[in-house]
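There are 2 protein chains.
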Amino acid sequence: MMRRQRRSAEETREAILETAERLFRARGYSAVSIADIAAELDMSPANVFKHFKSKLTLGRATAYRHGRRLAERCSIDDSSAPPDEKLILFLSRLAREHMRDKAENQYLFEMIPLVLEDPAKGGRIYRRLVEETLTGLIAEGMEMGIYRAGDAALDAALIVDMMASVLHPKMMGCADPATLSDKTQLILELIDGGLKYRVAK
Amino acid sequence: MMRRQRRSAEETREAILETAERLFRARGYSAVSIADIAAELDMSPANVFKHFKSKLTLGRATAYRHGRRLAERCSIDDSSAPPDEKLILFLSRLAREHMRDKAENQYLFEMIPLVLEDPAKGGRIYRRLVEETLTGLIAEGMEMGIYRAGDAALDAALIVDMMASVLHPKMMGCADPATLSDKTQLILELIDGGLKYRVAK
Numbered sequence: 019m020m021r022r023q024r025r026s027a028e029e030t031r032e033a034i035l036e037t038a039e040r041l042f043r044a045r046g047y048s049a050v051s052i053a054d055i056a057a058e059l060d061m062s063p064a065n066v067f068k069h070f071k072s073k074l075t076l077g078r079a080t081a082y083r084h085g086r087r088l089a090e091r092c093s094i095d096d097s098s099a100p101p102d103e104k105l106i107l108f109l110s111r112l113a114r115e116h117m118r119d120k121a122e123n124q125y126l127f128e129m130i131p132l133v134l135e136d137p138a139k140g141g142r143i144y145r146r147l148v149e150e151t152l153t154g155l156i157a158e159g160m161e162m163g164i165y166r167a168g169d170a171a172l173d174a175a176l177i178v179d180m181m182a183s184v185l186h187p188k189m190m191g192c193a194d195p196a197t198l199s200d201k202t203q204l205i206l207e208l209i210d211g212g213l214k215y216r217v218a219k
Numbered sequence: 019m020m021r022r023q024r025r026s027a028e029e030t031r032e033a034i035l036e037t038a039e040r041l042f043r044a045r046g047y048s049a050v051s052i053a054d055i056a057a058e059l060d061m062s063p064a065n066v067f068k069h070f071k072s073k074l075t076l077g078r079a080t081a082y083r084h085g086r087r088l089a090e091r092c093s094i095d096d097s098s099a100p101p102d103e104k105l106i107l108f109l110s111r112l113a114r115e116h117m118r119d120k121a122e123n124q125y126l127f128e129m130i131p132l133v134l135e136d137p138a139k140g141g142r143i144y145r146r147l148v149e150e151t152l153t154g155l156i157a158e159g160m161e162m163g164i165y166r167a168g169d170a171a172l173d174a175a176l177i178v179d180m181m182a183s184v185l186h187p188k189m190m191g192c193a194d195p196a197t198l199s200d201k202t203q204l205i206l207e208l209i210d211g212g213l214k215y216r217v218a219k
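For the record, the sequence lines run as chains E and Y.
Quick note, the first sequence lines up with residues 19 to 219 if you use this note's numbering.
Quick note, the second sequence lines up with residues 19 to 219 if you use this note's numbering.
Chain E extracted, bound-state conformation (with noise of 0.2 Å):
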């Protein structure tokens, strides 16, 4: 018989992250130790220890995980369907997923000032990804003859502005999901109206 292969320390690691994030999110970063961790995954906290030097770094690399995940959602499909459509169907996404994070991640968000140096710095490279794809559908859109011609990065800029009382997770207010995603419908057909048949003063 065969004996078990011992799981390489990549795969420990990832085990480790895995598990961590779990119990993170189920209970908050503060009240979850790494003997808590070690023991959910049947290992000894020293082991655990030898992959992440303390409960912080751990916390760190949770941190950085979930940002590669958001960061992820900053990605359009490469469908042929033309860039104002894609335009919408991207802050429609990235609405409800907001709105999800609200409900189901919040510990994981409110871990980040605890973990991080720079709290404020993961929110800048995540708004700035969401501002460049934005600019790429728009200069797409104004190149087309779809929207009207303008600086399409500063239009980015703004709409995300315009925007945050169903982005940002201070602003969406304790509103329920249907009616956030009734408010993020009327705020895009303005919006998408505005980028097609704005007249420049």
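Calculated from the structure, these hints are not laboratory results.
Be a bit skeptical, because a hint or two may be false.
Claimed, not checked - Okay, derived cross-link-like pairs now, DSS-like style, lysine-lysine, Cα gap no bigger than 27 Å in a straight line: (1) E/K104 with Y/K201; (2) Y/K219 with E/K201; (3) E/K219 with Y/K214; (4) Y/K214 with E/K104; (5) Y/K201 with E/K201; (6) Y/K201 with E/K188; (7) Y/K104 with E/K214; (8) E/K120 with Y/K139; (9) Y/K120 with E/K188; (10) E/K214 with Y/K219; (11) E/K214 with E/K104.
Please arrange chain Y on chain E, whose structure you already have, making use of the hints.
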């Protein structure tokens, strides 16, 4: 020679309020005492206390007075301009006045949570006034066929949210007046185009 008439109670009250506001505005509520206000007016503190039974009462009266001035901004001039022009004028003026508040009246706004029992209430009343003015203009524009048909009150609420980055003191950040003014202009062009040409999905 006629003896100089004594000020009426109403006039004294008004003079105290005037002076209190000037001092609160210059030094902040906490740094100003009833004695300071009395000294500025060549009065005894006891005389001030005859009109306002405590510094808190005087702070509240100053806050209400400021609130009434803010409310006056929500009136629109009775010109014969079409509603879409009035809407742009109203919102540009509002954004400009919010910028000035942030620059000049910081101490007055910081006083609100110190003197009012429900500090958020003033904000809600002010927001409602802004929304009512906007609703009136949008409804007029819809009736005249300048704007696409829709729910004017819902649009008004959306537009206030969409302008948070140039209206809300906490969202305006530290941008300089020229940048904020350009930004307001661009946001208003998008909103104007949206109201006129959006296509409801």
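Violations among the numbered hints, reported as their numbers in ascending order: none
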